[in-house]
Structure formats: C-alpha cells, structure tokens
Amino acid sequence: MRTKIALPWVIVSLVVAVAVTALVFSMRGRGPRVERGEVAEAAVATYVAPGDLDEYYLFYSGGHSGNVFVAGVPSMRHIATIPVFTPYPSTGYGFDKESREMLGEYTWGDVHHPALSETNGDYDGRWLFVNDNANNRVARIDLRDFKVKQILGPIPNISGYHGGSFVTPNTEYILAASRFSVPLPKGTYAPVEEYATRYKGVVSGIAVDPKTGEMSVGWQVLMPPFNFDLGDAGKGPSHGWAFWTSYNTERAIGKLEVTSTQRERDYIAAVNWRAAEQAIRDGKFTVIGGVKVIDPKTVPGVVYLIPCSKSPHGVDVSPDGRYIVASGKLASITTVFNIEKILTAIQNKNFTGEEDGIPVLNYDAVKDAEVNVGLGPLHTVFDDRGYAYTSLFVESAVAKWKLGTWEVVDKIPVSYNIGHLAAAEGDTVSPDGKYLVALNKLSHGRHLGVGPSQPESSQLIDISGEKMRLLYDAFTEPEPHYAQMIKADKLKPIEVYPKEENKHPHAIWDVKDAKIERRGNEVVVKMLAVRSSFEPWKIEVNQGDKVVIHLTNIEQTTDELHGFAIGEYNINVVVDPGETKTIEFVAHKPGVFPYYCTNFCSALHQEMQGYLLVKPRS
Amino acid sequence: MERFLETANRFFDLPLGVRSRLVLLVAALVLIPTYLFPLWQMTLYSNQFPDGLRLYIYSHKLEGARSPRRDDLREINTLNHYIGMRPLLESDFSEFKWIPLMVGIFFILALRAIVIGKMSNLVDTTVLFMYFGLFSFWSFYRRLYEYGHNLDPTAPVKVPPFMPPLFGSQQIANFRVHSYPGAASFFMVGFFLLSLVAIWLATKERRFREISPGAIG
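Chains as they are written, first to last, in this note's numbering: chain A, 3 to 620; chain B, 258 to 474.
Just chain A, with the same shape it has in the complex (with noise of 0.2 Å):
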C-alpha cells in the first residue's frame, strides 16, 4: 500500500525538481570564454623591468581629443602625450605665440592615421605626420623633439580629411582625400538635393619637402562625391600609384546607413600619381580654391575605379607591392587585387563602365583572391613572414592569413570591436613581425569603472608564433584610429635645445640681458627661467598695454623644464631646457598678478616666482 502511494509523489516531486533545475540551469552564464593565453607567459613577455626600456615606440592617433599618444612596446605603457591639434596645458602647447599661431582659430582637431616618414619604403624615423579629419589640416611632428613644426590647412577643396596621412615610399607626398564631400571651391553653396552633380570629391598629394619637411598642397584631382575613405601609397611594382576606398558611390544622401549601402559594390580609386605631376607640368589643371585641380574627364590615365565589396574601409599594400588588400566593411571577404593585373587591364582597356568619365576595371580581371576572413573586415597590416592580420569589427577578431595561398590560419578574439591595428612596423616594406596592437573601439568595462566616459581598449597580441597570443590589455584615451610601431633604435631624440641652436631672436643666456622695454602701448620683456628663479621678477605695465614677453630657459640638463603661468589671466606655458618662447597678451586687468613656475623643477620650485604689476588707468 505504501508504495503504491508513493509513487505519484515520486512524480510530483520529480516534476517540481525538474522545474527548479531547469530555473538554476538558466540562470548561468555558458558562453564561451576569452582565451587569455598563459598568463605567466604573458606577464613575461610584457614585462619591462624599472629603468629598462621598451623595444618599440607606439605612435597612438588621439583622435578628437586632437593629441597624439606616445607608448613603448610591449609595456604599453603610456610615456608622453604629442598635442597637436589641442591647446595643451602640460606642455605649454597653444599658449605662446608660435604654437598659437598654428592652431589658428580652432582649439580642436580630429586626429586620424598617424604615417611615419619613410626612405625606400621603410620608416626613417624623421617626421610623424597626422591628419585632422574634422578641419581638414595635416600636420608635421619633428621626430627630433617631438614637437608639431608645421600645420598645414584647412586645405583647400579637401572636406573630412580622413584618407591620410599615409605616406609614399619616399615620403615624396602624404595622401589626402575628401570624406565628406561639399560644393567647391569652399564657400560655395549647393542645395544638398543636387549632391550627386555639384558636389565634389577631391583625392590629393601634399607635397613635402625632403631636407625639410615642409608641407605643400601637390597634385588635387577632381572625383565624383563618393566618400573617400582610407588609403595606402603603392611601392615596389606599384610605385606611383595611390590608393583610396570609397563608400556612398550610389551619391545618395540622408541616412546614409541605408542610402549608402545598396549597390552590391563600390570602388577604389587609383591614382597614379607620377601621371598626376605630369599633367600639372603639363599645365592641364584648373585653379579651384587656389590650388591646381586635375580634372580626370579632360586627362585621361590618371585615375582608374577598381570595383571592392561594398562600403569598404582600409586598402592596404602588401609589402613587396604586389597585392592591394581591400576589405568590405559589410562583407565577410577581403579581396586582394594583383598590380600586374591592374597595370595589364589599364593597358588592355578592359573596363566595364565610367564614373564622370572615370573608367572602371573589370572586378574579374584584376583580383587575386576573396579572402574569406570574417565578418566586418576593416584593415590589414603584414608581418615579416608572409602573414596578413585583417580587424574584424564585426566579429571583434583578428584574422591571420598567407599572402598567396589565401587561407586563414589562426584567428584571435579581441575586446571589443577592433577598428584598426598595428603591427611592428607593418605598413612598410620589411616589417617586423613580433608585435600587433589590436586598436578596439569598445572596452565594455574590462577595467575599473570610470563612469559612462569609457577609454578605448588596446590589445598587445604576440604574433611571432603560430598562433596569435593575446599578451596585455591597455587603455587609451579617445581615439585610437591607427598607430605607428616603430623599432626604437630607429628613434635618436634629443633632451635639450643645445644653446648653440637656439636662433630666437630674443634669446637670452645672461641675467644681465634680462630687461624690460616699453615702445608705446607694448611693453616687451626679455625673461629667462633658471632653477630657481626668473629675472625680472617684476613686470610693471599699464592697465591696456601689450605685453611680449619672451622667456628662455636657460638650463642645459635634461628633464629641467620650467613653466610660466600667470594666475588669473589665463597663461601657463613650459618652456624646455635651451628654448625660447613668446607669450603675447593684453593687460586688460588691472592689480596685482603673481607668475610662477608649474612644472617643478628643483628643491626651490615653490619660491621660483614673481608679480605682474598692472596700475589701473588713471
């Protein structure tokens, strides 16, 4: 009787604990975890002890934030930050008269894709060039110091510089194209609704001088309004040409997201840019904006259309020059394209179709492959031994895969959404191998909590195995769109201005020299800053009157910086061992100001101070 009762129970019970299993069971997490790698390896590999020093220099972009990030490799540890399109208190940078004069009436700028000079196709540690993709400038950092020597722009007829600052083997040009485009010249105005006829891309070469960097508006050639996107300089076997993605080649407008995406394929552009230079010899240009424009429908054999899966992202030039890596955001595939392919349907004329003139190659004519890497492939960097390492924003991967046999070896997880990556030095025509920095554009919290404002993630990934390893998280400000990884030894910067360079015209190296001026209204000092005071220690001015003053430090040891700010009118800059820089401003306020040193310096730092007198008028 007893168990005839008990079985029914057994069910009930049976069911019920079903019921709760199945709740616990649903309440866990199952899915698949991040492959960290050994940990202790890892750990290792990244580390570099206190005083020693790291292997690479990490040329980070800072995107909107308008700096540049300096981190060594494999640390990644953060070393120095280059403002560049920014007003930087920690350096002074946008506060004297120079670096205010360059950054002209704009406090920010969008930097993009940081290119290193190059000789023969490999970096040559001179310059770093960078592209603001928001007010369409170019600027020079001098390798030597640091520093930003030149801004370049807005350049004309360029509107959302984003395809640069990639560089010619020979730095003979840095690219420029338009994203955005806009009736020109600028200044023009066009109802959007006529986008497809009057508004107008435009792809370019800035010149650069090659003793002195000096930046130059080259060669402009006038496109259709695609959005150009990224670029690459071709070398070896394509030598002479440039390359840019395009997107938005439906020259749709609105919501873009939709309009932009329905043709099955876009196209590359192909300059060649040697033919470039010669029709501006030639004399077959136009002057739009004040600068000389190609027009491909009157010269013919300048550019040519390349057909790429849609809405592509980064071109990128293997590094014996053969192949042209195009990946198609929107697409699983990268495609490769064979130069000799492309030189032999220029020549053969096989093209199926124009675009305002422009031919367009036959897709089947000039590929090499569809690389079948993953989905939402973005850009690819090489290694030194025949690799290919494409982003897969959309998988948040690195795919690795073998230049010419076309298959995908490994592939790595990263965190999250990688837009761009770096390798040691692979965009250039040896590269290194040994280290990729996956640049993420979504941290997801895998750090301390910081509030909404999230940092970007930047993965170091060990390539000179088999199989990628991941080796180090690090975090970096907004925003990473590219990076330059570039051997150390290659790098010889200086510590201090030698004295004997110093060609300011109103340097000071002696106390006696220092002195106080008034020609009218302006008062012009000549000041200089040694550990641990400045000389004059007073400034006494009229309320209204110019203020110049030019301050040198005189120091000749390294690390011996000294700032000059003066509270409450708005003025800090740092000035390095040996330079010399001016600060202008207007005495609007009159009182009593105090000016000191903000960049500690010596036992006496707090006592290196003086006062700006401004007597009230009348």
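By construction, these hints were calculated from the structure, which means they are not laboratory data.
Any given hint could turn out to be false.
Here are the simulated BS3-like cross-link-like pairs (lysine-lysine), alpha carbons at most 25 Å apart as the crow flies [stated by the list, open to error]:
| id | chain 1 | residue 1 | chain 2 | residue 2 |
| --- | --- | --- | --- | --- |
| 1 | B | Lys-415 | A | Lys-443 |
| 2 | A | Lys-413 | B | Lys-415 |
| 3 | B | Lys-415 | A | Lys-257 |
Some chain B residues close to chain A (C-beta under 10 Å, calculated; not the full set) [stated by the list, open to error]:
| id | residue |
| --- | --- |
| 4 | Val-280 |
| 5 | Asn-304 |
| 6 | Pro-307 |
| 7 | Arg-326 |
| 8 | Pro-413 |
| 9 | Met-420 |
| 10 | Pro-421 |
| 11 | Phe-424 |
| 12 | Gln-427 |
| 13 | Ala-430 |
| 14 | Leu-450 |
Some chain A residues well away from chain B (every beta-carbon gap over 12 Å; in silico) [what the hints assert, rightly or not]:
| id | residue |
| --- | --- |
| 15 | Ala-44 |
| 16 | His-66 |
| 17 | Tyr-197 |
| 18 | Gly-285 |
| 19 | Ala-333 |
| 20 | Leu-394 |
| 21 | Pro-415 |
| 22 | Glu-468 |
From the three backbone atoms N, C-alpha and C, an ideal C-beta is built for every residue, glycine too.
Following the hints, put chain B in place on chain A, whose structure we already have.
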C-alpha cells in the same frame, strides 16, 4: 460498441478521490510560477558579448536581461536593425494577452475539477491544456519564422532569411544563438504531467473501491 460507450460513460463519471484532488491542487499551484519565470529564453553569444545577450519570453511580457551596463532587448533590437529585422516589440505579440488569460482559465478549471470532483472535468482540462500548449508552441515558432524571414530588403547588411533556433544553438552572423525553454515551460509541462497523474490516481482509487479490473480496458 454499446459496451464501450458504457465503459466510457462510467469512466467520465468517476469521482476524484482525495489523492487525485490533492495532486490536482499541486498542479494548479504549479501554474502560479509560470507568471514569474520565462517560458522561453534565447541567449546570443559573440566575442563582444561573452556573457551573452539574454532575451526572456514570459507568458505576459518580453524582456531582455538588464544590468547597470546594458539593456539586452534594446541592444538586440539595435543590432538587428543592421540586417533589417523588425524590432521585437511587446505590443506586437497578442500572445502576451491570451497566454496569461488561458493560464488563469486553466487554474480555475483545475479548481473546478477539484471542487466538482469529476473525471470529465479533469479530462477536459487536461486535453484542452495540451491543445493550448501545442498551439502556443506553434504560435511562437511562427513568430520566430516571421522575424527571421521578413527582413527589410534595403538593410545595410544583407543576410539570407533564416529560422532562429527553437531548441538548441545556431550560428547567425557573428552570434551563437542558444534557445531553450525556460522554467515556466517546465511548470506548464508539470501541470500537464500532474493532471495525467491525477487521472491515473482516480482510476486506481476506483479500482480499489468498486469494479473489477479490466472494466475500463
């Protein structure tokens, strides 16, 4: 034939004993938590969401996992728009109105069977519940099919129409989608099984009291 009908009539007139009524009471109570737990759950894993985006389908609502970091339903809808999938909106599902209503009705039907204590009520309830369960399942299947097949042709990313998994896991673009019944479904099945147990108990109780074995075939 007559004999069979007689047997059937006798069967449906059977009174329910204490034990079967008790089991039925448990069955009715088991329906209550179906309001508290999801009927079905889908989890979407990818490299950027290693902990998975979680979607819970309750009898009366659609909900994504929520944390201070994320609202999964909103995130799923945002991602789905790239492939042109319609956003999952609670208001588009009539199921969320009729399923809870039906569950309530079955609760009352179970109580009715307990009070009246007749086999016919119990069988009604059980058979109707089985139909309700299968219909709900079909309805859910149809929904998934529609979401996976009515993709906006102008979507930026074009994917071939697909059937999201109902049981098990499947790779859809960069997501590994796991789909499994939730606790409420187990409670629903529990109700059904317990109803069967109650029927069985009732027939057994009767055998003990009156008629010889074999009468009900």
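Here is how each hint holds up against the structure:
Using a Cα cut-off of 25 Å, the hinted pair Lys-415 of chain B and Lys-443 of chain A holds, with the two alpha carbons roughly 24 Å apart. Straight-line distance between C-alpha atoms of Lys-413 of chain A and Lys-415 of chain B comes to about 24 Å, which keeps the hinted pair within the 25 Å bound. A distance of roughly 17 Å separates the Cα atoms of Lys-415 of chain B and Lys-257 of chain A; the hinted pair therefore holds under the 25 Å criterion. At its closest, the beta carbon of Val-280 of chain B sits 6 Å from a beta carbon of chain A; the interface hint therefore holds under the 10 Å criterion.
Because the beta carbon of Asn-304 of chain B sits about 3 Å from the nearest beta carbon in chain A, less than 10 Å, this interface hint is met. Taking 10 Å as the C-beta contact cut-off toward chain A, the hint placing Pro-307 of chain B at the interface holds, the least distance being around 4 Å. For Arg-326 of chain B, the suggested interface contact is upheld, since its CB lies about 6 Å from the closest CB of chain A, less than 10 Å. A least Cβ separation of about 4 Å between Pro-413 of chain B and chain A falls short of the 10 Å threshold, and the interface hint therefore holds.
The interface hint given for Met-420 of chain B is violated, since its Cβ lies 20 Å from the closest Cβ of chain A, which is over the 10 Å cut-off. Among the interface hints, the one on Pro-421 of chain B is violated; its C-beta lies about 18 Å from the nearest C-beta in chain A, farther than the 10 Å criterion. With a least beta-carbon distance of about 13 Å to chain A, the hint placing Phe-424 of chain B at the interface is violated under the 10 Å criterion. At about 15 Å, the closest approach between the beta carbon of Gln-427 of chain B and any beta carbon in chain A exceeds 10 Å, and the interface hint on this residue is violated.
Among the interface hints, the one on Ala-430 of chain B holds; its C-beta lies about 6 Å from the nearest C-beta in chain A, closer than the 10 Å criterion. The interface hint given for Leu-450 of chain B holds, since its Cβ lies 5 Å from the closest Cβ of chain A, which is under the 10 Å cut-off. Every CB of chain B lies more than 12 Å from the CB of Ala-44 of chain A, the least distance being 18 Å, so the non-interface label holds. For His-66 of chain A, the requirement that its beta carbon stay farther than 12 Å from each beta carbon of chain B is met, with the minimum near 23 Å.
At roughly 19 Å from the closest C-beta of chain B, the C-beta of Tyr-197 of chain A stays outside 12 Å, upholding its exclusion from the interface. Distance to chain B confirms Gly-285 of chain A as a non-interface residue, since its nearest Cβ pair spans about 44 Å, more than 12 Å. With a closest Cβ-Cβ approach of about 9 Å to chain B, Ala-333 of chain A is found to fall inside the 12 Å limit, against its non-interface label. A beta-carbon of chain B is positioned within 12 Å of the beta-carbon of Leu-394 of chain A; the least distance is around 8 Å.
At roughly 4 Å from the closest C-beta of chain B, the C-beta of Pro-415 of chain A falls inside 12 Å, breaking its exclusion from the interface. For Glu-468 of chain A, the non-interface assignment is confirmed: its Cβ lies about 21 Å from the closest Cβ of chain B, beyond the 12 Å cut-off.
Violated hints for the displayed structure, listed by number in ascending order: 9, 10, 11, 12, 19, 20 and 21.
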